[in-house]
Each structure stands twice: as structure tokens, then as C-alpha cells.
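2 protein chains.
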Amino acid sequence: MRKGEITKQRIVALAAPVFNQRGFAGAALSDLMEATGLKKGGIYRHFASKEALASDSFDYAWKIAIGTRLDGLDRVANSVDRLVQMIRNFKDRRSGLVPGGCPLLNAAVDSDDGNPLLRARARRALYGWLRRMRTIAKEGQLRGEIRADVNTGEMAALIASTLEGSMMLSRLQQSAAPIELACSHLVDYLENEVRSCKAKHTKPSRPSHPLP
Amino acid sequence: MRKGEITKQRIVALAAPVFNQRGFAGAALSDLMEATGLKKGGIYRHFASKEALASDSFDYAWKIAIGTRLDGLDRVANSVDRLVQMIRNFKDRRSGLVPGGCPLLNAAVDSDDGNPLLRARARRALYGWLRRMRTIAKEGQLRGEIRADVNTGEMAALIASTLEGSMMLSRLQQSAAPIELACSHLVDYLENEVRSCKAKHTKPSRPSHPLP
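So the protein sequences, as listed, match chains A and B. Using our numbering, you'd call the opening residue of the first sequence number 1 and step up by one each time. Using our numbering, you'd call the opening residue of the second sequence number 213 and step up by one each time.
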């Protein structure tokens with residue numbers, strides 16, 4: 001990697017917490033200079049604009065967030081269990097993330113009345129996450145693990161809405177309870193409305209007539 | 213009302229769309245001057261700080277939003293139907309609101325890493341909304357309309373999380389689908405997991421043995 005590219009990536013990693021915590025307009029040049037240890041010219045030699053730096057910072061923060069949510073999913077065989085694992089990752093795996101809460105929620109709210117570059121990145125991030133959930137669910141339908149009448153796109157949107165909204169409540173109330181409750185509700189939803197009955201019956205279970 | 217108070221309320225009403233669309237840091241003095249038709253001195257004669265103006269603007273926008281969500285609920289007798297009506301209001305009653313999406317979602321995300329005054333107002337708004345839902349549900353439990361084992365606080369948090377998250381998706385995707393889907397899911401949840409079975413059975417229904 002060229003030296004310029006290394007510096008650029010270092011700036012993005014240091015600017016990402018500033019943008020994720022303060023928002024686009026709230027991230028002042030002085031904050032960015034303090035976080036990166038560079039002067040204005042040192043930062044903007046590598047980026048065409050504040051929008052470009054904010055967008056790359058979003059991508060950086062989101063890559064860590066989505067990587068954490070999807071971590072270990074490939075080791076889970078059953079598609080419903082895989083979605084459950086993703087929901088549990090959202091709840092439990094909070095370390096190593098860029099500070100400031102979910103980058104997608106922050107960028108979506110921050111950019112929804114302007115800042116088209118950041119908005120396009122947020123939209124792409126959401127689309128990628130939803131597509132990943134849909135793909136898992138469609139594979140599950142092919143294998144008979146997920147009910148054929150489940151609309152996989154609607155399922156993905158419902159999971160994303162519930163998780164992201166609960167993140168807002170949890171951060172505002174400074175309590176893990178809303179996220180925990182949303183996750184528990186979604187796991188129930190997956191078990192009761194998404195997992196196919198056939199798949200439930202083929203799961204290992206206790207004998208229906210226990211030995212005397 | 214004194215003339216100064218009337219001017220103050222007019223400033224808040226004109227500034228509210230600026231803050232709700234652009235966020236606290238994004239609302240520049242020039243935007244606020246343009247929206248109100250006043251110079252800096254004309255605005256800040258009435259407010260101690262930008263924080264104070266933003267907080268009053270939030271209260272103004274939220275009062276309209278929560279009023280719209282709760283509108284007509286008192287005319288609905290059954291507590292579950294009342295919660296269903298609130299969810300339908302969230303989905304259908306979008307006109308007359310301050311532009312920029314849900315003030316609570318915006319202020320919560322905007323203020324979560326600073327701006328304690330705005331954050332306190334957002335927290336109070338969320339608390340008031342959750343309390344209203346809990347009160348409806350507790351009355352429903354006393355009247356046997358809602359299952360006694362429903363945790364009314366958890367129910368309220370789940371409804372708020374799902375609605376607010378779906379608002380984020382709908383605005384980012386510029387599609388009503390996520391909100392519609394979240395509402396439909398919550399109505400199913402209220403019917404299947406909140407409404408008491410007894411109440412279901414006492415509802416007017418078709419005869420179980422239709423006439424030949």
C-alpha cells in the first residue's frame with residue numbers, strides 16, 4: 001500500500017468516532033484536527049471535501065458494525081439459528097465498535113434532509129444488510145427450514161427496524177433493556193412465524209412418552 | 213399573552229422545521245434568520261442560547277407529533293383497539309407534522325453524544341409517550357381486555373422501538389413499506405400476545421353453528 005493511502009486510512013479511522021458521535025455538521029474542523037493530529041491541509045490533501053471524509057468514515061464504522069453483526073454466522077448450519085445469532089451479536093457484541101452508536105442509524109438520521117453522498121452510503125449499507133438477511137432466509141426456504149409463505153424482504157425490514165429503533169431507545173434511556181427486549185421479541189417471532197413447523201418437528205427432542 | 217411571548221412562540225414555530233431537518237449543529241444562524249425573517253439580535257433577544265431555542269423547537273415539534281399519534285384515542289373504548297389506533301395514526305396521519313421526520317428520533321440521535329438540554333427534552337418526550345401506552349395497557353388489564361401476564365412497560369418499549377426504527381428505514385428508502393409492515397406486525401402482536409383470550413371470546417362474533 002502506498003504511503004498516501006496508509007495516511008488516508010489512518011485519518012478515516014481517527015475521524016470515524018468524531019463523525020459517528022457528533023454527526024456531519026457537528027464534527028468541526030477543530031475536532032477533526034484534534035482527533036487526527038493533523039492541520040487542515042494535512043487532512044484535506046487526502047479528501048476532496050468534508051462530505052468525502054464523512055462518507056469514508058461512515059463506511060469504515062459500518063464495516064466494523066456489520067462485520068460484528070455477521071460474525072460467526074457461517075459456522076451456524078440452520079438458517080433460522082443463523083438469523084438468531086445475528087440478532088444476538090447485535091445485542092451482545094458491543095466492544096470494538098466505533099463509539100457513538102449504530103453508524104447506519106446515525107448517518108440515516110443525519111443525512112435525510114441533505115448530504116446526498118453520505119445518504120447514498122447509508123442507503124447502500126442498509127440495502128447490503130437487508131440483502132444478507134434475505135439471502136439467509138431464501139436459502140432456509142429452499143432447505144425447508146423456513147416457511148415458504150414468509151416474505152423474506154419483509155422479514156429483513158422488520159428485523160432491521162426493530163433492532164435500530166431499540167438502539168435509539170437504549171441509548172436515550174442509557175439502559176440495555178430496550179435492545180434486550182427487542183431481541184427477545186424477534187427471536188420469538190423467528191421461532192413462531194418464520195421457522196417451518198416441519199423443521200421444528202425434526203429437531204432433536206425429548207421422547208414424548210418419558211420412560212417410567 | 214404578552215407581545216414578547218407571541219414573538220417567541222412565532223420564532224419557535226418557524227425554527228422547528230430547521231432544527232428537525234438539519235439537526236442542532238446543522239441549523240446555521242443564517243438558516244434560522246432566513247426561516248424567521250429576523251436578525252441574530254431579534255432571535256436571541258428571546259432565547260438564552262441556541263440550545264434553548266433548539267429545545268423549545270423540539271418541544272413544539274414533538275407536541276404536534278404526539279398529539280397526532282394520540283388523536284381520537286379517547287373515543288376508542290377498548291384498550292387494545294386504542295393502542296391499535298395509535299399505531300394507525302403513526303402510519304396514516306403524516307400531514308400537519310413539522311417536516312423532517314420524527315422529532316424524537318432526530319433529537320435522540322442528534323443529542324446522544326452531547327447537548328444535555330436537548331437530550332433531557334428528548335428523554336422526557338420518550339418517557340411521556342411510553343407512560344401513556346403503559347397507562348392504556350394497565351387500564352386494559354384492570355378491565356380484563358389485556359392479559360394479566362403482559363409486562364406493560366416492555367410492551368410500550370417494543371412498540372416505540374419498532375415504530376421509530378421503521379421510520380428510519382422508510383425515510384432512508386423513501387418508501388412507506390417499512391412503516392406499513394412494522395404497523396401490521398405490531399397489530400398482530402397486540403391481537404395475539406396482548407389481547408386477552410377472554411376479551412376475544414366476548415367480542416361479537418358469528419354464530420359458531422351457522423344456520424343451514
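None of these hints come from the bench; they were simulated from the model. The model shown is predicted, which means the values in this text are computed figures rather than measured ones. Careful, some of the hints might be misleading.
Said to hold, decoys possible - Below, a sample of chain A positions facing chain B; criterion: calculated Cβ distance under 7 Å:
id, residue
1, Gly4
2, Val109
3, Arg123
4, Thr162
5, Glu164
6, Gln174
Don't be surprised by glycine CBs; every beta carbon is placed ideally from N, CA and C.
Name the hints, by number, that the structure is in violation of. Hints 1 and 6 not satisfied by this model.
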